[in-house]
Amino acid sequence: MAMDFESILKDAMSALHEQRDKMLEAKRELDAATTSVTSRDRMVSVTVGPQGQVISMTFHTKAYQSMAPAELAATLVTVLNEARARMGSEVIERIKGFQDFSGHLRSVTGLAGTPVEMDELLKPLRAMAPAFGQEESLEELRASRQEEFAAEEQAARASSEQQAKQDEFEAEAESRIPTGKQEEFHG
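At position 50 of the sequence shown the residue is numbered 50 (my numbering), and the sequence of numbers has no breaks.
A couple of the hints might just be wrong.
[Stated by the list, open to error] Capping the alpha-carbon separation at 25 Å, the derived lysine-lysine pairs in DSS-like fashion look like this:
hint : residue 1 : residue 2
1    : 10        : 22
2    : 22        : 96
3    : 27        : 96
It should be emphasised that the hints constitute simulated quantities derived from the structure, not laboratory data.
All chains should be built: construct the whole structure from the sequences, respecting the hints.
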């Protein structure tokens, strides 16, 4: 029994909406998720957020005051890395459920086993959505902002290097024998 295109489209859209709702719920849960880890000696606890950002750090004892800087740093790095790894595992576990949505959608629409790529299959459906094309333009905007950030960072680094050279030149100038004329640095 063959399904008509309208039924296939309706089933596909229903599956897409259901998947979108699940993804939004997962995003809300992940946005609020935190993971805490305490060091083996119970001296410090660290809580991180879903992107590995440090939410809090609590020292339970004053043992850190008598630790060598390298020892304290090693303890903090270990606790932070463990907390980030646990959060990463939680995020991965949460999104694993969305891994085979294309197979689910193909079975719902009766297209299971078709060699068509999922993006190609969804293109007509995406074109019907009011927000079609916005995803691509958002990605382009993000990429251009990332490029701008990198360029600004490079310019700041170059300026900092230039200032360091100028400072070094001025420091060396004080030790030079005065020549009667002011020297200017050109990096």
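Tell me, which hint numbers fail for this structure?
As far as the earlier hints go, not one is violated by this structure.
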